[in-house]
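Could you build the full structure based on these sequences and the hints that come with them?
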Amino acid sequence: MHELARVTLENEMDLILAHKRSMKLAELAGLSLSAQTTFATAVSEVSRNAIDSGKGGCLILSVESEMRDKYIVAGLKNELPDKNNSREGLEHAKKLVNKYKVSTDGSIELFYNISPAFRIDIHKLDEWRSLFRNEPPISPYEELKRKNEQLQELSERVKKSEDQYKVLTNSLPLMIFSLDDQGKLLYANDWLLQYTGQNLNSLNTSKWKSVVHEEDYDSFCLLLQNNITKGATTIKIQVRLLNRNSSDYIWHQISLTPLNTEENNTRIGYMVDIHAQKTVEETLKDNYELKQAEKKLKENQHILEQYIEELNRSNLELQQFAFVASHDLQEPVRKLLFYSDYLLNKYQSSFDEKSLHFLNSIQGASRRMRSLIQDLLLFSQINKEQIQFHQVDLNAVASDACQDLEMVIEEKKATLSIQELPTLYCDERMMRQLFGNIISNSLKYSKEDQIPEVNISCKQENGQIEIIFRDNGIGFDEKYLPKMFTLFQRLHTRQAYEGTGLGLAICRKIVEMHQGKIWATSEEGIGATFFVSLPVHPVN
Amino acid sequence: MLLFSFLCRYIRLINSFCLMKCGKILVIDDDNEDMVIIREAMEMINADNVMLFAENGEKALQLLDNRFSSEHVVPCLIVLDLNMPKMNGTQTLESLKADDRFRNIPVIIYSTSINPFEKAKCVTLGAHAYITKPVSLKESLETAQVFLDFCTTA
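So the sequence lines, in the order shown, correspond to chains U and B. If you're matching positions, the first sequence starts at 465 in my numbering and goes up one per residue. If you're matching positions, the second sequence starts at 126 in my numbering and goes up one per residue.
What you were told as hints is all true, and nothing was included just to trick you.
Dumping the calculated SDA-like pairs for lysine to any residue here, alpha-carbon to alpha-carbon at most 25 Å:
1. U/Lys810 with B/Asp156
2. B/Lys244 with U/Glu795
3. U/Lys848 with B/Thr249
4. B/Lys246 with U/Asp792
5. B/Lys263 with U/Ser813
6. B/Lys246 with U/His854
7. U/Lys810 with B/Val271
8. B/Lys244 with U/Ser863
9. B/Lys246 with U/Glu892
10. U/Lys810 with B/Thr257
11. B/Lys244 with U/Gln850
12. U/Lys588 with U/Met465
13. B/Lys244 with U/Asp891
14. U/Lys755 with U/Glu769
15. B/Lys244 with U/Asn847
16. B/Lys246 with U/Gln783
17. U/Lys810 with B/Leu266
18. U/Lys810 with B/Glu264
19. B/Lys263 with U/Leu836
20. B/Lys244 with U/Leu780
21. U/Lys648 with U/Asp627
22. B/Lys246 with U/Leu841
23. B/Lys246 with U/Phe853
24. B/Lys211 with U/Asp792
25. U/Lys565 with U/Asp533
26. B/Lys244 with U/Met833
27. U/Lys799 with B/Pro210
28. U/Lys541 with U/Arg621
29. U/Lys810 with B/Leu273
30. B/Lys244 with U/Arg832
31. U/Lys848 with B/Phe242
32. U/Lys799 with B/Arg164
33. B/Lys246 with U/Glu781
Honestly, the hints are just simulated from the structure, not real lab data.
The structure is reproduced here in structure tokens:
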């Protein structure tokens, strides 16, 4: 069966149309005019019946060509069930045609013989089909009807296609949306709405503020507003969007493409989850940065090690220099002292007063130089290589130090009171130096009108032994405290108090070698107190 | 044979008695000025002509060896400076103490150095005393007296 044309049967006008089409088909099938009229009449009979019963029928004209018999066929299909089952039209029609069929659903087929000699092939059928389709409308009604049908079909197709697209957009793991030129959402697929937990309205009124990460919001707004996309093809940006379910910001790539239609500036876009990619990217970047940092660190460490090495070397050199210099300097100074002394003693009578005065000045200067050199030598010798730890009785150390200072003590008639001191793991020689330096410091800066008193006491707490040296000397202004323990720092002129400026620096070095601390307090004119804190168990 | 070896030992014993008493002081110092100072001081305490001088350890050992071979004498005191070229004080001291012939000669270290480590080291090596070089006429005279005392009491 080859369908050639269709006519919907709705009113009287359609009846005319059905008649005309049937006539035409019969004509095309090479039937005589009377045969044409007979077939068309039969079709009209059943068609009228269909229109009258309001079954919403449809006439389908076709050709059946089997081996022996060839027919033109008029089929009548009902869209609604045949209610009153009226067959009046069929009764008339069946007399006019060669063959008829009635199906259980009420559809009718009328068969009219055509000459077996009449050749029907596919080309001819196609020709007929296009003939029916392109046949000028027989009336304004038909024209209207055709247009209407076309439109309906089109609308159905569009609807179908739109539905398909909707299904498609909803099934894609993408958020798809469209925007107008003001950046207002026109459409958003389920993914977008589900992901954000919002609807079109709320997204439009909030301008996505609650969805887009605040750091990305500015660039997102730029994208929403038309000014970027104008004239551009596709714009892509990366933003973080809040997932309603997990409350996490997930990286998305937003792509916006303008639909270049004339009447509006709609843009369609999609958002795709690029979080994994972004994470990998960031991890790689972090990794790279980490590697760079590591490399840099290694370089720095290398440089640092070089510095340390250099520093150690220069330190050692300096130490050696200090030692050698001070050692070798002693020699000429000693000679200066000796010869000036020799002259002063042996040839005193040969010099006038001025010469004697100058000779004495040479003596004084040489003596100062000698003590400076000796202190420097001492200072340079206080180092890790020289330190020797033993259990040392600090009482013995204190009395040894006093013995070293016997002459000064006697001269100044000073009184020293030393409380019981503990035994400590330390370097005896350095301790003796430390005690000696602090005590001699106290004696040196004593008041002229008062007998110098030095009190040495001790307390032990938190694994530290604190030795306290208290005197009644002239004291010092505590603002000089930070400078006092550094090399060559003197608070007084040489004329007022002799000294090299090394005594307390030596003390500090000794204490630091013992992992301890030294500090002092004072009130000017009342006295000074020096504190030495040493660990009971120094770490090796 | 046995008698001969006994004789030899006897002679050596007698020799060693003779050695001790030459009455000289050997000063080993590279510093000419210091030698002048010592000589001056010795003269001032009327102890002339007791000094022998060597400018370094090598020369001193040579001198000792010569005198021992030719005259079988050794000095009664060796005054030894530490800081010297070629063979320094401690090396010389070690060589002296390693030689049977000179082991018993008292050695006084005579140096500018006040380094206590150096002092301690010299004492361990067998030095008799450590005297810091004088800085005044008075000190030089005292030092000279100490040297002389060593010689007369030895």
